[in-house]
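Trainee: In case you want the letters, here they are:
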Amino acid sequence: MSPLNIKQGTSRKSAYDLKDPNADVIETHTLAVIVTNEAGVLARVIGLFSGRGYNIDSLTVAEIDHEGHRSRITVVTTGTPEVIQQIKAQLGRMVPVHDVHDLTEEGPSVERELALFKVAGSGDKRIEMLRLAEIFRANVVDSTLESFIFEMTGTSEKIDAFADLMHPLGLVEVARTGVAALARGTT
Amino acid sequence: MTRQMTGAEMVVQALIDQGVDTIFGYPGGAALPIYDELFQQEKIKHILVRHEQGAAHAAEGYARSTGKPGVVLVTSGPGATNTVTGLTDALLDSVPIIVLSAQVPTFMIGTDAFQEADTIGITRPCTKHNYLVKDTDKLAGVLHEAFHVATNGRPGPVLIDIPKDVQFAKGKYTEKNKASTGHYAPKLKGDIDAITDLVKLMETAKRPIIYSGGGVINSGDSATALLRDLVKETNFPITSTLMGLGAFPASGDQWMGMLGMHGLYEANMAMHGCDLMINIGARFDDRITGRIDAFSPKSKKAHIDIDPSSINKVIHVDVPIIGDVAHVLEDMLRVWKSRGRKTNADGLAKWWSQIEDWRAVRCLSYKNSEKVIKPQYALQRLEALTKGRKDRYITTEVGQHQMWAAQYLGFEDPNRWMTSGGLGTMGYGCPASIGVQVAHPDALVINVAGEASWLMNMQEMGTARQYDLPVKQFILNNERLGMVRQWQDLLHGNRYSQSWSEALPDFMLLAQAFGAKGITCADPSDLDDAIMEMLKHDGPVVFDCLVEKHENCYPMIPSGAPHNEMLMGDAGVADAIGTTGAVLV
Ligand SMILES: Cc1ncc(C[n+]2csc(CCOP(=O)(O)OP(=O)(O)O)c2C)c(N)n1
Ligand SMILES: [Mg+2]
Numbered sequence: 001m002s003p004l005n006i007k008q009g010t011s012r013k014s015a016y017d018l019k020d021p022n023a024d025v026i027e028t029h030t031l032a033v034i035v036t037n038e039a040g041v042l043a044r045v046i047g048l049f050s051g052r053g054y055n056i057d058s059l060t061v062a063e064i065d066h067e068g069h070r071s072r073i074t075v076v077t078t079g080t081p082e083v084i085q086q087i088k089a090q091l092g093r094m095v096p097v098h099d100v101h102d103l104t105e106e107g108p109s110v111e112r113e114l115a116l117f118k119v120a121g122s123g124d125k126r127i128e129m130l131r132l133a134e135i136f137r138a139n140v141v142d143s144t145l146e147s148f149i150f151e152m153t154g155t156s157e158k159i160d161a162f163a164d165l166m167h168p169l170g171l172v173e174v175a176r177t178g179v180a181a182l183a184r185g186t187t
Numbered sequence: 001m002t003r004q005m006t007g008a009e010m011v012v013q014a015l016i017d018q019g020v021d022t023i024f025g026y027p028g029g030a031a032l033p034i035y036d037e038l039f040q041q042e043k044i045k046h047i048l049v050r051h052e053q054g055a056a057h058a059a060e061g062y063a064r065s066t067g068k069p070g071v072v073l074v075t076s077g078p079g080a081t082n083t084v085t086g087l088t089d090a091l092l093d094s095v096p097i098i099v100l101s102a103q104v105p106t107f108m109i110g111t112d113a114f115q116e117a118d119t120i121g122i123t124r125p126c127t128k129h130n131y132l133v134k135d136t137d138k139l140a141g142v143l144h145e146a147f148h149v150a151t152n153g154r155p156g157p158v159l160i161d162i163p164k165d166v167q168f169a170k171g172k173y174t175e176k177n178k179a180s181t182g183h184y185a186p187k188l189k190g191d192i193d194a195i196t197d198l199v200k201l202m203e204t205a206k207r208p209i210i211y212s213g214g215g216v217i218n219s220g221d222s223a224t225a226l227l228r229d230l231v232k233e234t235n236f237p238i239t240s241t242l243m244g245l246g247a248f249p250a251s252g253d254q255w256m257g258m259l260g261m262h263g264l265y266e267a268n269m270a271m272h273g274c275d276l277m278i279n280i281g282a283r284f285d286d287r288i289t290g291r292i293d294a295f296s297p298k299s300k301k302a303h304i305d306i307d308p309s310s311i312n313k314v315i316h317v318d319v320p321i322i323g324d325v326a327h328v329l330e331d332m333l334r335v336w337k338s339r340g341r342k343t344n345a346d347g348l349a350k351w352w353s354q355i356e357d358w359r360a361v362r363c364l365s366y367k368n369s370e371k372v373i374k375p376q377y378a379l380q381r382l383e384a385l386t387k388g389r390k391d392r393y394i395t396t397e398v399g400q401h402q403m404w405a406a407q408y409l410g411f412e413d414p415n416r417w418m419t420s421g422g423l424g425t426m427g428y429g430c431p432a433s434i435g436v437q438v439a440h441p442d443a444l445v446i447n448v449a450g451e452a453s454w455l456m457n458m459q460e461m462g463t464a465r466q467y468d469l470p471v472k473q474f475i476l477n478n479e480r481l482g483m484v485r486q487w488q489d490l491l492h493g494n495r496y497s498q499s500w501s502e503a504l505p506d507f508m509l510l511a512q513a514f515g516a517k518g519i520t521c522a523d524p525s526d527l528d529d530a531i532m533e534m535l536k537h538d539g540p541v542v543f544d545c546l547v548e549k550h551e552n553c554y555p556m557i558p559s560g561a562p563h564n565e566m567l568m569g570d571a572g573v574a575d576a577i578g579t580t581g582a583v584l585v
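Top to bottom, those sequences are chains U and Y. Numbers 1 to 187, taken from the numbering used here, label the letters of the first sequence in order. Numbers 1 to 585, taken from the numbering used here, label the letters of the second sequence in order.
Hint data in this document are derived by calculation from the structure and do not stem from the laboratory. Just so you know, even glycine gets a beta-carbon here, dropped at the ideal spot from N, CA and C. Careful, some of the hints might be misleading.
Listed next, the in silico DSSO-like pairs over lysine-lysine satisfying Cα-Cα at most 27 Å (straight line) [as the list claims (entries may be wrong)]: (1) Y:189 - U:88; (2) U:88 - Y:301; (3) Y:549 - Y:367; (4) U:88 - Y:313; (5) Y:170 - Y:45; (6) Y:342 - Y:298; (7) Y:45 - Y:138; (8) Y:187 - U:88; (9) Y:371 - Y:387; (10) Y:176 - Y:134; (11) Y:371 - Y:549; (12) U:88 - Y:300; (13) Y:300 - Y:342; (14) Y:172 - Y:43; (15) U:125 - U:158.
Partial chain U-side listing against chain Y, Cβ under 10 Å, derived [claimed, not checked]: (16) 38; (17) 39; (18) 43; (19) 44; (20) 47; (21) 82; (22) 88; (23) 89; (24) 91; (25) 92; (26) 93; (27) 94; (28) 95; (29) 96; (30) 98.
Okay, chain Y solo, but in the shape it has when bound (with noise of 0.2 Å):
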């Protein structure tokens, strides 16, 4: 027996069918009949946010931080356009939201209503796919197949633009069982030719390195087991993009630490030396391969991704291999094992005593101060002072805190680092930290923040305070933009344009504007205590920390140059590039 509903009705049944409980939003005119409905059930909790962007990172904080979609509910114009970086950033980083938009009614849709902006033409290219629904009768349908699509192949976020007549119209609701989820159904089993090819390359490599990234995370937590499995029974080292931190344990033996432009030396050696790459679930980022022409010269390369389009789009490889990671990598395993658990034992000892060698230039090493916190140092300390907690999440926002806090914190399990990789969205992280929090609210949440991306979405902080989300904004503050300026010290002859963060708040009065604790900190020997006040306190805190002002985040392997030329810390950095060798500390 088909329901009759209206649509307004369906959107909320739909998202009930689908299991939501939990959804972040902002009203408006072209919304009403939702939010009506809203207001007159209690499975479906709204977070009012500040601002759209900020319910659009929410719900990425979210997504990342279970395995489930996030989803979004704002009005027509100006709601849908302040989503545009939020979908962006989760179509880069393919993470699964979904965005509700309300729409003018259809019969003024092209007249330049008020409020009317063209929300699929805008959203088109930044959406995994998008819809507007003209009809009530096909709207639970389409809320059904968008989140299988935002859910299923590579994740992504996916909108729906609803028109005001369509919410207030009844109609017949599709039950989820019913809906079609379309002919969109990607692989997920690779080809097992394949996988035997590179089963066969992994008995015999002497150098092997196992290159991972998000797609691990995104496969779910059968594919971080059997990556870990790998691991250990085939002893090759691993190493992860700064997506896929937390799949593989920090402290695992096998564990290289991140690669790419900020990553390890010992990572992006082993890279640069490696005779077998097998890339599980990472797209071969202009940030990870530097020079591309000088990329890994000597290696055969495997790429196991879920999307087609990512193999061969950058790098060049002998083995593809498409499919879902976890499907994969079981399959992998089963015929490694089959064919006698067998590796390159001789190889596999002098490549790790390479890596040894490699490991002991101790490349995150810095010169600590007494008398004024370096930005290294305080995340060391909020390491050391957070490790043992199983529920530790962090969030980040973009610049070189978020090298370092992806440089110095440790990730033991996945889905407890989010940070805006792709699209490197400042502001990404306070609303981000949100959206962890509401997912889990008795975690330690931690926003570690640069001050300027921090003030691009700030707002979020009265969020916090109205829903109780005791988020800690962790702000590393060198009154810089800081990245910014570590580019124009390198590369543009100390020429610090735009790059000072000038008439800065009062942190301390601002956390107290929004009913937060302040905390400030300058001195490195009160520092501990001052994590440590941050951390006991039961309420979202603001953590001014007023850092070493002109500190650069090495290594670095500068854009353009091949791993194997990173600029190394303290090493006199003013001529490094373009003159020979980075020196080694």
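Isolated chain U (complex conformation) (with noise of 0.2 Å):
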């Protein structure tokens, strides 16, 4: 009866358990979310990404224009490249948000974060951490006979890879602001 030869049968198979095929194709993009300047905006914005299931690797949020009562969330996340659209189309259909860039995907971004590192030790090690500091052009903030701390300004990985020098040194605590990103050029 059917000439279009559709395949007749069943399968115990539940969409449940269905894969995504692109699950193995992971992307992180940086965020820009224009919002509103109002009472529980951010829970909003962070309630959409616990409620839905998205990641946030790190979140800056900060007013930017006064007047315009505007703020400038900073997010990055990952996820698949279906999921990263999701994640714009669900942002920007928030009545409180205006904009949403991807700074990632529209071009050359700058990004920065700001980091603090509180290391304990004496002796060599505490030349060795200065040495180290220099080299990453860290800040000495703060110091005691026994400690210092560290101010530094890089990207994520810059970052990473001082903690990861600082360890075994003796660091004590990291206090990081999270990525603020612009895009480059006039616009």
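Please assemble the complex out of the two chains, which come individually in their own frames, going by the hints.
Mentor: This is the structure:
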């Protein structure tokens, strides 16, 4: 009866067991989300990520235009290209969201993060800490006889690298701001 | 000149300015200033429900049957939390409702005050947007903005939390036309290049199908008219989701019936075998797609949706068109006509003859009985006895009866069918029928119910009695959580874990207790008379229709199966899942 020759038969596999064919292609994107600076807006954005199971690798937020009540949320997120696309569409339809920029996709951009490192130690280790800090252009912002606090600005990778090196020398604590990012160029 | 008024006065004024004439609500301490204002005016009618969940569903019924937003007023704490299910329901089905919740005074927020709940926090994920207003000067502006947000773009629920001191305080009233409707302005016109791409596909498609959804109805009457035009002009077959029923008339030649898990065989087979799928205002829900990697494998897919996040969310489409259905259809028809109104006549003729073969399967046939009322038969009779009425509005609860209603009742017009699709909320139908009847006092409003669902919000019969709302509660009583039992039957080896409706009340006595008319019927030969008695009664009716207890709802695509692997009725399904080929009747 079926001239289309559509195969008939049943399968036991449930849609719930299906694996996303792109699950192996994971990308990291930095999104700049311009929002109205109103109460609860950050909770709304974070709630979207947790509610729909998206990842947040880093998140920063601050008001950028006092008169215009605008804040800029910078989110670094990972996911398949489809998921990243959904994240942008879901953010874009939220009422207090004005703009969503995918800095990773829209062209070259610069990303910076600020970090503070508390490292404790004495003797040779102290000298080594200072030597490495110089190479990484980290500043000493506090010191006791047994410890330093270094301040460093750079890409997340650079901060990771510095933290790795400081670890054996007595790294006690790290505080990081998360990524702030801007597209390069005139607009 | 700005007017000064109290926050409570502003609420009433803003509602009047927004054209609201009816609200559904329930009072309590924190809402008293607004209730006091309502008492002193006559423009807005307040319907006192019996449970705040009922208010939210009634507002949904009101909204879906009128195209206007529904409005709810509740008190703080439990009043607000009781609306959560209704808000979520409205979010998933894109229904515009506005919930005004009272809140403890601003200076007590955060102190665990009496009847304090973090209403904004609780309802953030189940509203399209929500607002806590801490300043009376801002209240009117927010109220107007809330109506704008709820009704523009993809509609949805909006909640405004209003602390008691803000209701008492005086402030400046922002007039409706002065209110900032913010930057919230979703795009209405579709991209003309994409529309032209779609038209080109329409011109050559051999096996096209239109798959329409609730978005057509939400877009409004002109969208429905344009959709009908499109189908008539192209002679493309059309199927629709549960939410979209009525956008295209069920009596139309091109109508294929509903698609999806309990959709019609011909609709699902055509979706599977098409070469061009035109999704108009639907969202590829999992109840529609079945197994996604086997979903309509040979088709090009176009998707028209006002919500960009619906595009490529589940199914990758070839031609995405973001815009309002009416706007896009208008352009689409214009482009198609200007290019010479072409379709692939040969292909279409073959396609239609294939569809006729599928229709000949008569997938909705069932084994009738002379001894016991089959639920399908009950709905066929209900349909036959009410069909001609333009003013027939149907609501449903959730379960087998809901799917049978979608299969056996025909809808000729939009806004006549109110059901909980996305959330599947048992307890939706009774309060929704109240909301529909309030909006259409002289219409015939029937809630097709299951006994278990109906018990979840049957307290609203008190509301029906109080306001003389002649709603008909047509309960297909199988003494089972029928849909649960069906799944246990098919997937869990007949182990009917907790799916019996035990200790059911006597529905006749219950009807009496509510001051409604009770009718009971167990014999198929009495059914027509009993239904006529219900229709003739000028007042609320509870109809206890005792039906076959172990009837299953078919056709069915078991979850995880593709569209061409449907289970059919009377097919000896005990072992059909996992064995080859459903037996066709
Ligand atoms: C609030 C809620 N709880 C649970 C469910 C799961 N559920 C879906 S259908 C169903 C049974 C409904 O029974 P009834 O209303 O008698 O309808 P029938 O299937 O028997 O026609 C249940 C428990 C639901 N959809 N909603
Ligand atoms: Mg039942």
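Trainee: For which of the previously enumerated hints does the structure constitute a violation, in increasing order of number?
Mentor: none
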